Structure formats: C-alpha cells, structure tokens
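Chains as they are written, first to last, in my numbering: chain P, 4 to 330; chain L, 4 to 330.
Treat each hint with caution, since some may be false.
The list treats identical chains as one, so a pair stands whether inside a single copy or across any two.
Derived pair list, reagent style SDA-like, types lysine to any residue, alpha-carbon separation capped at 20 Å [unchecked claim]: (1) 18 x 187; (2) 50 x 120; (3) 50 x 234; (4) 96 x 116; (5) 54 x 134; (6) 18 x 149; (7) 96 x 86; (8) 114 x 317; (9) 50 x 28; (10) 50 x 35; (11) 18 x 50; (12) 114 x 285; (13) 18 x 52; (14) 96 x 107; (15) 327 x 263.
Honestly, the hints are just simulated from the structure, not real lab data. All figures in this text were calculated on a predicted structure; none of them were measured in a lab.
2 protein chains.
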Amino acid sequence: MHILITGASGMIGRKLVARLVEAGELNGRTIEKLTLTDVGAPQPPEKFAGKVDAFGADIGDPATAARALAGRPDTIFHLAAVVSGGAELDFEKGTRVNLDGSRALLEAVRKSGGDYRPRLVFTSSIAVFGAPFPDTIADDFHLTPLTSYGAQKAMVELLLADYTRRGFVDGVGIRLPTISVRPGRPNKAASGFFSSIIREPLAGEEAVLPVEDSVMHWHASPRAAVGFLIHAAGLAGGKLAPRVNLTMPGVACTIAEQIAALRRIAGDKVAARIRREPDPLIAGIVAGWPRRFDPRRALALGFKAETSFDAIIRVHIEDELGGKVAI
Amino acid sequence: MHILITGASGMIGRKLVARLVEAGELNGRTIEKLTLTDVGAPQPPEKFAGKVDAFGADIGDPATAARALAGRPDTIFHLAAVVSGGAELDFEKGTRVNLDGSRALLEAVRKSGGDYRPRLVFTSSIAVFGAPFPDTIADDFHLTPLTSYGAQKAMVELLLADYTRRGFVDGVGIRLPTISVRPGRPNKAASGFFSSIIREPLAGEEAVLPVEDSVMHWHASPRAAVGFLIHAAGLAGGKLAPRVNLTMPGVACTIAEQIAALRRIAGDKVAARIRREPDPLIAGIVAGWPRRFDPRRALALGFKAETSFDAIIRVHIEDELGGKVAI
Chain P
4 MHILITGASG
14 MIGRKLVARL
24 VEAGELNGRT
34 IEKLTLTDVG
44 APQPPEKFAG
54 KVDAFGADIG
64 DPATAARALA
74 GRPDTIFHLA
84 AVVSGGAELD
94 FEKGTRVNLD
104 GSRALLEAVR
114 KSGGDYRPRL
124 VFTSSIAVFG
134 APFPDTIADD
144 FHLTPLTSYG
154 AQKAMVELLL
164 ADYTRRGFVD
174 GVGIRLPTIS
184 VRPGRPNKAA
194 SGFFSSIIRE
204 PLAGEEAVLP
214 VEDSVMHWHA
224 SPRAAVGFLI
234 HAAGLAGGKL
244 APRVNLTMPG
254 VACTIAEQIA
264 ALRRIAGDKV
274 AARIRREPDP
284 LIAGIVAGWP
294 RRFDPRRALA
304 LGFKAETSFD
314 AIIRVHIEDE
324 LGGKVAI
Chain L
4 MHILITGASG
14 MIGRKLVARL
24 VEAGELNGRT
34 IEKLTLTDVG
44 APQPPEKFAG
54 KVDAFGADIG
64 DPATAARALA
74 GRPDTIFHLA
84 AVVSGGAELD
94 FEKGTRVNLD
104 GSRALLEAVR
114 KSGGDYRPRL
124 VFTSSIAVFG
134 APFPDTIADD
144 FHLTPLTSYG
154 AQKAMVELLL
164 ADYTRRGFVD
174 GVGIRLPTIS
184 VRPGRPNKAA
194 SGFFSSIIRE
204 PLAGEEAVLP
214 VEDSVMHWHA
224 SPRAAVGFLI
234 HAAGLAGGKL
244 APRVNLTMPG
254 VACTIAEQIA
264 ALRRIAGDKV
274 AARIRREPDP
284 LIAGIVAGWP
294 RRFDPRRALA
304 LGFKAETSFD
314 AIIRVHIEDE
324 LGGKVAI
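Isolated chain P (complex conformation) (with noise of 0.2 Å):
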C-alpha cells in the first residue's frame, strides 16, 4: 500500500501520518510507502519502517501532480489548502491553491491511464454552506457558500464526483466540521475563539470570547477528522455513487455548552479564564456559518465523531496536553 498525502504538514495532515505510521496499515493492507508533500518539505515520520518520499511544492504548480503521482499511490488523502480567511484575502492564490492544485491533481489521476483509478479522499468543509439555513441541514441541502474558500471547496466537490461518476478516479469528499478544539497558538481565524476559549484556560490562560453565549456550531475533535480520513479510505465506492461527498458527523453545541462542558470537565477557577469581549465584525461572520447538521449518509456508511463536547474536550486533554490541566 502506497499513500500519498498532500498538506502533509498541516495540523490534520501531521496526525493523519502519525495514526498510519503507528497502525502500520491501511484497511488491512501494510504500508510500504508514504509520499509527503507541502509548500515546504514534510518532516519524515519516526519509526516508519517503509519507503518515505517527502518533498517540498507548490501545490499550484501542475508539475507538482505529476511528481506526487509519479510512483502510482494506491490511496491519495489531499489535504493541501488554502484557509478560508488566506483564500478570502488573496484571491488569485486561494483559487490557484484550492482550485487548480485540485484540478491538478484529479487531471494527472486521469491522465496516468490505464486502470489505474485509485481511491482519493479529499476534504471539503462545511464552508460549502451558507446563510440563510434551516435550523438542522439535511445531506439534501444545496451549497451556496458565502467565501471564496468555501465556493473553491464546492467546485473541486463537482469536479470528484464528475470524475469518479465517469470513471477516472474512485473520489470520497468529505466536509469537515469545525475542528476543535484546534492545538497551537490562537490564530487570527474568525472561527478561532470556537477553540481558544477551551484551549486558552486549560493551559492557564486567558481567552477572549467574541460573540454571544448562544452561538451554536458544529464541531468535532482533531483525533475524530483523521478517523474520517481513514474511514473514508476504506469505504466501498459502490456504497457512495454518484454522491460521494459527505457531510461529516459532529457535535452541535453553543458556546454556553461548550463552557459549561468546560466547567464539569476542569472546574470554575478554568472556565473563569474566559473574558467576553463583544466583537460585532466577528459575530457577523459567524452569524452566517451552519449551526448543526443532519448527517445521516456519513453517520449510516460507519462514520463516527464524538456525540458530547466534554468527548471533545477529553480529545484534547488526552492527546495535546498529556492528560494534564492547569488548574
């Protein structure tokens, strides 16, 4: 089994290789081989007994398709993106990035011919999804994003399902919940508070809360979106065809929820980290994002997240913190 992961440096991409490189395979077959790539050089993985080929490429660059599918990998998890908020505020890049570095991709899959027709897991988002929604989305629901990430996500959404429908490629998209709570320094994405106000006091610090306590949204754990990719990989095509993008499962919760998880999980003196700060720019954004889904396909083909946000929340101490809180 050869794997092939683009954005193989990302938050998601890292976890991906480390989850494959411990079980050692991939739906019951070894894995012999891992090719890595992102804007720079994937960090080989550690104790990984098989072939590594990690490189650094713009994603953008048709050459760099070439060169990712030069040794013919069994499975492709293409990760590689340009966030909302960069694709919002660059355009050319983010259309170059998630659009034609898609396009790229799913063209060089074609054009290897032959009956080679691997399985590609590529992740979409829920940004796909734009206002104005019912109060739950159904997997029926027609996608109207309101970024330039999220219309980037949509096409790329049309262009897999066009080409496994005609054969080139066996294509799984999955939108991806809001990930949280998100490891690393708080960044300057509109959704970021969704996972500061977790991640911040656990690790004894302040955390700004920018909208009201009533904002519901959908989320699911680091650990749960790396289980889709790998469920994903090992889904039959038939059971997908034609609608091979899913909606992933999650946990729909508001702000309120996710303190008062918070607070059963860590205690008062944590959850008193959480200063609220009103932020009307911030709360209009997040006006428009979905609230909570209805994900019956995913959920119905095997697909699992967490069903609580103190699951989620548990994720996180677990597997970024050692178990340990700062009290």
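The hints should help you fit chain L onto chain P, whose structure is shown.
Here is chain L on its own, set in the frame of chain P:
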C-alpha cells in the same frame, strides 16, 4: 446600452438577438451596440440601427474574452456552451468551453478593473440536478449532476456567485428547463423526443416516442427562455444576492399530457403520427432527470413561463409555423 452575447448563433441566441433588435431597447435603455460571438461569425441582424461587432471565435481561448469585452458591454448574455451530449462524449472539449471559457469571461471582467461591473446573465440548466429526487424539487435542493455538462454548469454557478459576492461582476444564473418545442430537425440528444413528438406531427411527419407515457418532465418554450434572459438582465442585483442562481419556472407534464395537448390543439390525426418504440437506453437516461420544480424564488422575482403545455404548443405554431399546422 452595449450588449454582448456569446453563443449568439445558437437557437436561443438568435431568438434573443431578434427580440432585442425588435425592441430596440433593454430595460428602458436604447441598444446602441451589439457584440455577437459564436464559433463561426454570427449573421449581423438586419434592421438594426446601432453598431454590430460580430465575430467567430473559440470561447475556450482566453483571448476571446478579452476581445469580447474590449468595448466594455453593459450587459452580457453568456449562452455559449457545448451541449450535454457533446460534453459527455468529449470531456476535454466540454471542460474547455463550458468551464474554462466561462471562467475566462469572468476573469476578463474581473481584470478589467476600475468600476466596471456589468450584469452578466449566465444560462445554466436543470442538468445541474441529478436523481434521486423528491417529487417536487425545492429551490434549496442540492446540485448533484449526473453529466459532465451539468457539473460544468454547476461549477460556473459557484464561480458566478463568488465573483458577484466579491463585487467583480453583477451575475445572475438562470437554470433553463428543457426547451420545448425546439425548432429545427431532430437531433441525437436523449431529450430530443420531448420536442419531436410535437414538432414532427405538426409538420405532417411521423415521430418516435422512446419512453413510457407516464414520464414527467419540466418544459418552457424558446419564447419563454428569451423572456427569462431579458427579465434577468433587468433584475436589481440586490434582490438576488448572495444566491444569484435561480431555477426558472416551467410546465411539469407527462408525455401523456403532452400528447393530449397536441390532440386538443391539432386533432386526432396529428396526434396519431406518434409511433411508440420503447428504447431502454433512453428510458434509463431520462429516469435520472428532474420532473417537477417548485421555483418560488424565480416566480417571486417575476420570471414568467407558460402555465400549460397547450400554451407551449401554441407558441411553437405561432413562432415557427406561421400559425399553420399540417392537418
């Protein structure tokens, strides 16, 4: 008022040019110039007092968009496309014209810079939808096309919405029903019989019906389609944003209802010219097509279609047969 029409030599394009020339104005502004393009140079319209720039060009070549936009048209009707069957047979050509050609046009508008922000009316299609369907398809139903043509149209809808949201263009996408009764000779399109079972009998010829009488589909006349385009050109953009792509109204009727309408209008002898010759291949293709929509947004915005198949047949007799039927 300067108007650009791509695909100006097509069936809808010619009728749109004729209607605009006859009116002499669009939304209360005198038409001073028409820029018309298609694969071959379109025939310049007779009896038009303004300027005409009619040229043949490949819309898949980015230079075409630059030339078409050189005079900064106020309104653009982007009709050029490789049709459904063509895009399915020749994937690269369909992608090049339907996706890349449309994107080149949008990019040329974006790069024009300054305050240039023309109204761009894009003809999408109900081919953006794919089975399975509910009995009636609502405006918020997802797009899961089952043809490359439908996927390409859906991707351009996403581009159009994002370019409009960002202020690069003032777009409106209209999803046309199947156009019935399509004038001219029978073609090999799988949908051809919806028109030919009316057109041929009215012209004294036999027509072949390859599907069951119970098959339901969504129709509008060529005259209604031109009406949609003109209405879309005059809509205030603020009424649409951010969901600028609209399913057009139409008539949902079965083959049996089509034939009953033909019998009411032209008599038993004409209706008897339909010969049933079941074709499982065509029946299978048609089974994946939408039957009926509930196009509330378009109706609320003032788009008007026929309300019966009788009316659609009468339009054909008036517009194509000079009011005469071969009894």
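- Could you tell me which of the hints above the structure violates, numbers in ascending order? 2, 3, 5, 6, 8 and 12
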